[in-house]
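J.: The opening residue of the sequence shown carries number 1 in full-length UniProt numbering; numbering runs sequentially from there.
Some hints here could point you the wrong way.
[Claimed, not checked] For lysine to any residue, the following SDA-like pairs were computed, each having C-alpha atoms within a straight-line distance of at most 25 Å:
| # | residue 1 | residue 2 |
| --- | --- | --- |
| 1 | Lys257 | Ala26 |
| 2 | Lys257 | Leu20 |
| 3 | Lys257 | Pro245 |
[To be verified] So the derived label-pair ranges between C-beta atoms look like this:
| # | residue 1 | residue 2 | range |
| --- | --- | --- | --- |
| 4 | Val142 | Val170 | 18 to 24 Å |
| 5 | Val17 | Leu241 | 17 to 23 Å |
| 6 | Thr134 | Leu280 | 39 to 45 Å |
| 7 | Arg74 | Pro288 | 53 to 59 Å |
| 8 | Gly281 | Val146 | 26 to 32 Å |
| 9 | Leu23 | Pro229 | 40 to 46 Å |
| 10 | Thr134 | Val61 | 39 to 45 Å |
| 11 | Ser228 | Ala26 | 24 to 30 Å |
| 12 | Ala279 | Arg136 | 34 to 40 Å |
| 13 | Ala230 | Leu127 | 41 to 47 Å |
Because the hints were derived from the structure by calculation, they are not lab data.
As the structure is a computational prediction, the values presented were derived from the model and not from experiment.
C-beta atoms are modelled at their ideal positions from N, C-alpha and C, and glycine is treated no differently.
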Amino acid sequence: MVTDGPPRTHRGGLLVVPALSVLMIALLAAGWLLAGHLVDGAPPLLVAAGRTAASFAVITVVALLHPRLRSEARTAAARGGSVALLAFLGFFAYYSGTLLGTGFIGASRVGLIVSLLPCLTFVIGALAFREPSTRRKVLGTVLAVVAAFGYALADASAGEASGTGGGALVSGGLLALGGTFTYAVYGYVYRRRMADLSPVASLPAITGAGTVMLGLTVVLFVPLGGVSPADWGGIAALGVLLTAPVFLISHELILRKGPLFTSALALVVPFLVRLGEWALGRETAPGPLVLLLLLLCAGGVWLTIGGAPAPGRATTGAAEDEESAGETAGARTRQETS
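Given only the sequences and the hints, what does the whole structure look like? Please build it.
T.: The structure is reproduced here in structure tokens:
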């Protein structure tokens, strides 16, 4: 998502931004780890639909609690074509690609691919939307992409040891990259069609439409007989306790500190996810080369998102997933990043 204008000044004390930052990073990393666990036992599309539905419920309640947000939410819902397009790009395609990719290659590799969101956003903006480019951004994008591919190759032996072969690495990587690409496009579409509304007010309509798209896909194509009660509970927790709060926190940080700061926080997430998978026994311990390539990728992304925006142009941020970034609306990364 894209936010125009400078950060706003908010009250609340000096510790508010650090506390929100730490909380967002922890929620993003936990979200990726939980999603990686869930797709081992539940269909990835069901996880995508469930987390989106749960997020929709939480964000809608938040919007309904404020009269101004209720009015803006009705305005957003009236923009049917824009809502459908944003729901497809930012929720159906993004969550389908990243969660299907997680089923193939694991959360840590998908998390690293999602961290390339600022780089993809820069490339799309320069090629399709005539956004200004600099040598620093080009260098950062090239460094991040090369390091990410190097990470996948260097970590391939660990993947083979855990049952991830070369074909699965390619398939999962392409799915995750495709989902991240659609989320980068989502940011530009959001700026053009919803930037006049508060993000929290526009998200109920967008997440609601995304829930319908993913839900219909699940009903038509996904068998649900083998899903355990624990998986259903995990999917609900992923949406209510992890994904929805990331959306809300990331937008608050964008307002307080701007999209660049919020995007930079997501660079910590792939490290935490990789170490978390090792601690949980899903992956082998990361070696020095793997950690070096993670650092190089993070450095490349930092170069891409760093620097002052060109005068008179809107700033494009990357966040969450959530997850996580990825995985939101505007910072999801501006990070949901998932």
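J.: Out of the numbered hints, which ones does the structure contradict?
T.: Hint 9 alone not satisfied by this model.
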